[in-house]
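Residue numbers (the numbering used here), protein chains in the order written: chain A, 48 to 687; chain B, 3 to 102; chain C, 836 to 1342.
Think of the hints as simulated: they come from the structure by calculation, not from any bench. Check the hints yourself; a few may be wrong.
[As the list claims (entries may be wrong)] Quick list of in silico lysine-lysine cross-link-like pairs, BS3-like style, CA-CA up to 27 Å:
hint, chain 1, residue 1, chain 2, residue 2
1, A, 412, A, 497
2, A, 612, A, 624
3, C, 1110, A, 623
4, C, 1024, C, 1110
5, C, 1204, C, 1194
6, B, 88, A, 412
7, A, 489, A, 612
8, B, 88, B, 101
9, C, 1194, A, 624
10, A, 612, A, 623
11, A, 74, C, 1194
12, C, 1194, C, 1307
[Stated by the list, open to error] Not the full set, but computed from the structure, chain B residues with beta-carbon under 8 Å of chain A:
hint, residue
13, 19
14, 24
15, 53
16, 55
17, 74
18, 78
19, 81
20, 94
21, 98
22, 99
Glycine residues also receive a C-beta, built at the ideal position from the N, C-alpha and C atoms.
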Amino acid sequence: MDFLADYLWLIIALPLAGAVALHFGGKFLPEPLPGLVAVGAIGTAFLIAAAAFVPLATGEAEAHILMLWDWMPGIGAAFEIRWDQLSALMTLIVTGVGTLIHIYSIGYMHGDPRFSRFFTYLNLFAASMLTLVLANNYAMMFVGWELVGLCSYLLISFWFTRPSAAAAGKKAFVVNRIGDFAFIVGLMLVFTQFGSLSMSETVLSHPGEVLSPGTATAIAILFLIGAAGKSAQIPLYVWLPDAMEGPTPVSALIHAATMVTAGVYLIARNAAIFELSPVALPIVATVGAATALVAALIAVGQNDIKKVLAYSTVSQLGYMFLAVGSAGYVAGVFHLMTHAFFKALLFLGAGSVIHGMHEEQDMRKMGGLRTAMPITHATMLVATLAIAGIFPFAGFFSKDEILASVFANGGYYLVLWGVGLFTAFLTAYYMTRQYIMVFWGKPRWVEGLKPHESSLWMTVPLMVLAVLSAGAGFLNTPQLLTLEHYLEPVFEALHPAHLESELPRILGMDGLAFGLAIVSLGVAVIGIATAGFVYARSSERFRQWFANATRRPMNASENAFWVDKFYGKTIVLPGKKLAQGLASFDSFFVDGAVNGVAGVVQRIGMSLKPLQSGFVRSYGATFVAGVIGLVIFFLTRGGL
Amino acid sequence: MAGPTPYMALAFILFVIGATGLLTRRNALIMFMSVELMLNSVNLTFVAAGRAIGNFTGQVSVFFVLVVAAAEVVIGLAIIVAVFQKRNSASVDELSEMKG
Amino acid sequence: MDFPMLSVLILVPVLAALVVMVLPADRTELHLPVALVLSLLPVGLAGILFARFESAAGFQFVEQAALIERWGISWHLGIDGIALPLILLTTILIPISIAASTSIAKSPQLFLAMVLLLEAGLIGVFSALDLIVFFVFFEAILIPMYFIIGIWGSENRIYAAIKFFLYTAFGSALMLAGIIALSVLQQQKTGFASFDYSDLLTLELTPGTQAWLFAVFGIAFAIKVPMFPVHTWLPDAHVQAPTAGSVLLAGVMLKLGTYGFLRFNLPLFPDAAVKYAPVVATLAVIGIVYGAAVAIVQTDLKKLVAYSSVSHLGFIMLGIVAFTQSGLDGGVIQMVNHGITTGALFLLVGMLYERRHTKLIADFGGLQKTMPVFAGVFLFSTFASIGLPGLNGFVGEFLVLVGSYATRPAFAIIATAGVVLAAIYLLWAYERVFTGEPDKPENVNVADLNLRETLIFVPLIILILTLGLYPKVLLDRIEPSTAAIIDRIEATTDFVEPTFVIGEPGE
């Protein structure tokens, strides 16, 4: 399929063209045509990507670079596409899951007055994300990076007449920008060190010969901050829960499956630089582990169906950062993929529930929905088991891979492993809690509300994602390691973590690895059992006692540990005061100085005014005085 | 001839009288007469000096001065008459509308 | 090329102004269309300049004729890769400003004539290669702008106009002393006085002389840019000026300061430039952050955009004193980009004012629901101003940041904070003005963009996208001229431009 290599740009161009066409012509098309146009665009992109993927997968083809055009040659910025195993995989995820979500949106956005505008933005987002993952040039990647931020802004505040939605969109963009600040400084460093911004000339060609460990650390930390902004890690995650203001397909596509993974992708792509630094990778892993834990603790106390999933996403992204921070690059990418499937499924399922419950989002007002919404229930059950990490669903394999990589590093990483393990327990717990609150128990909703299953537009994508969530794990089972072999050419120059021990092999796996797998499975089962007991099987008395005993921690969790308030008090408010102070300074002092000068001139003029008295005789007297003065002057100086 | 000194002295005295009159009198006509006095004292100076140096440029200068004085008187008196017709007073102190 | 293109380019708007003035005063429906059509002629001429321009160093389309030979003043015009984009910007913004001026009620003929005279003056400044010719045009443009602000401006227009005029003229007066000093030095050296740019380039001035000359020229240009702390004339002038005035003031006139630095301070006084660059860079960075911070808390939409100009011009100045290829290229192209984006924003605010007779943010709200197309254009321009990659603002900013990181890393890092602040003040303003429900009754029935207004934005949007994605169309022409400036600095001082070779460790 080599002829495709020259047409790879179509993958980006098709959704972009879709966006432009829908922007100008969308309002003339009746529902669901705009949606179908959008699906067509991204679906075709998926097919092209799949066709070009095959030779890479079979090993026939190698990485390919397609130069589009020179952008800013003075700093080595160009639009060039890189088609290698990693970017191809990311492209498939983006276009594949993206197409499913586009289809789902036709059902979800039915009846919205800005139906075609929604698909304009979705297609634009797809084009932007594809620009990001296909870039072989940091500047081009940054274009995609920022444009997904733009689309996130547009889509979060899609229902802009809601002030909370508008504010959430702005918050997302601004917090992302803080990360971008660090990213730009990192790019400046890259250019001044390497003389180019092309990845094939920088990070992918022996950066160790150019970068000192200190510089590599600087670049790595800057990229980490940028990634933390985009992928909602501590301390820049606060925009993601607010982003739930957007329509649910947006949350599924952008804030679960694709945009937020950009940070993980960035680190995986630049792993060579991270490895040159003695401290960068452990810092990444620590950030990831901490985020995973804190977010999971917050998810336990949430009552809004989407907020649980939002914090769960932050937590799972933390796992991905933990993975790449432990040099488990394949594990991180693997989890990125499986998470895309089951998290998208969870969000789409939540959207189906919300629609079926006539826009109710509070789980305390749900319950017993498994009979009213059977397809949604079944698919969400699959997703819940997947994210909890139950064999044989996808999440089990990917999460286990991560924990194995962490463990393999030993030393300090064993602490992180423990954190990861505890977080797995929490994940299983809060997801089961959500599942039970929504689908089991007695109905707690408002009288007369009749929940119904969603249309085929919405349920078919759910089913497809359920199949993927169930089976994708087998893409990288410990025995077959197909994904690992596939990604080998990308990471071969690096030092990925591998778990090896002296123990005998069980089921084709290293003995220690098998043991760890059993441990993580066990932890997940305990988590499910605990939640099942608390929320489904326990007696009324126990529930009372439990509610009382956990009142303080649950309250803290529900309020997300008041982090937003903290930021407000320490950053936002002082910032505003400082800006106000500078503005006053400008008006009073700087401008005042100008007006002051004018005032001084005026006063001088006023003081000289009495000289012009209008009296002829005083003028005459001045004449005479002047003459006498001149005469004396010339007499004493002795001549003219 | 007694040299230019007595003439110079007379001219100086006339000049001082004229200057004093110019500065101290309020009436525009009197001020004008003082100015004429000053101009003529200068004329006297010119003639005396010219005679003393032996150069008739001094006497020629007097003609210039006389012409200029005449022109100035014509215009000045016309202005004073116009002002007097408007204000019924020739006092210079009242003409202070051009103050700053 | 013997046809005096540049002189014709200056003359055509003057003639156009005369034509507009002699139109019958009662046929008001003629005034604007005639002015608009006539103002398209310079666009065509500038287009010919662009097409015939060769991407090489040195001045092209040169014409020279002696004016006062005794003092060495001649009518010497010519453009290089730095002046060309600015002239293009001027000719494009003039018809757009005219088309946006339909709400000028009193003496529209005079207003349009003033705008056209302004155009002539601006083209003259950018193409002048004789210092007296430059100075004459530099001062001459103050007059039409003074009238534009003073007669057709808002409530406080007289104060703003006088402040603008006196403040900038003060700087120019100092510059005149410097100009005369240069010609005197030229006379001392060669025996012939001359105000000619190429002659003055050959002067070898002592560092002491260069220092004070750099200062007087620098003060004049710094006031024009405007740099902190001599920037306070700008908010008043912008807020009080009518829409066309603000567009041209921000779009072109501010660039006179940066152009002056690039054309005169750097090549004529290279030692002083290298020595005092840190001072200029400090003020530039302060301008970036300070301007943005003050913009955040503004309650008047026009004042917000005005302070954003202070911030953006800081980027341009930072690029200029970086003395690297990317820094200067970024500075020059950002001059054009800023003109287009800020011009668009002022046009939008002006249209809002025409509808609602207020510029206060608090008076708006929910306008995206009432005027979706307008909101879309506004958001587009906002993101161009924020520096979203793919749009033109990013190109200049990024080139400046990377270029200045090479010679002044700390300054570049602080300047990068400007990109965060820009997002804050612009998106917050957009949120308050456009999102939410239009709860004030006056905001419910506001008209969306009509055909004329849409057509005004079409060229601007096309330019924003083209310069954002394919800036080479300008960069190719800018680069040789900026490289020549850097070469001159390297040749006459100890400064060496850092170069980056692939595969070798940098610093």
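Does residue 1110 of chain C sit within 27 Å of residue 1024 of chain C, going by the straight-line distance between their CA atoms?
holds, 25 Å
Verify the interface restraint on residue 98 of chain B: the C-beta must sit less than 8 Å from at least one C-beta of chain A.
At 3 Å from the nearest chain A Cβ, residue 98 of chain B passes the 8 Å test, so the hint holds.
Below or equal to 27 Å on CA atoms is what counts here, so check residue 412 of chain A against residue 497 of chain A.
Holds. Residue 412 of chain A to residue 497 of chain A sits at ~13 Å (cutoff 27 Å).
Chain A contact restraint for residue 99 of chain B - C-beta distance below 8 Å:
With a closest approach of 6 Å, the residue 99 of chain B hint holds.
Double-check residue 74 of chain B for me: the hint is only fine if its C-beta lies closer than 8 Å to a C-beta in chain A.
violated, 15 Å
Would you mind confirming whether the straight-line C-alpha gap from residue 74 of chain A to residue 1194 of chain C stays at or under 27 Å?
violated, 32 Å
Given the hinted pair residue 1110 of chain C and residue 623 of chain A, is their alpha-carbon gap at most 27 Å?
Not OK: residue 1110 of chain C and residue 623 of chain A at ~36 Å, beyond 27 Å, violated.
With a cut-off of 8 Å on the beta carbons, see whether residue 55 of chain B makes it to chain A.
Hint violated; residue 55 of chain B Cβ to chain A Cβ min 18 Å, cut 8 Å.
Given residue 78 of chain B was flagged as interface, is its beta-carbon under 8 Å from a beta-carbon of chain A?
violated, 12 Å
Does residue 623 of chain A lie within 27 Å of residue 612 of chain A when you go C-alpha to C-alpha?
Given that 27 Å is the threshold and the Cα spacing comes to 15 Å, the pair holds.
Chain A contact restraint for residue 94 of chain B - C-beta distance below 8 Å:
This interface hint holds because 5 Å falls under the 8 Å limit.
Does residue 1307 of chain C sit within 27 Å of residue 1194 of chain C, going by the straight-line distance between their CA atoms?
violated, 37 Å
Taken one by one, the earlier hints fail for this structure at numbers 3, 6, 7, 11, 12, 13, 15, 16, 17, 18 and 19, listed in ascending order.
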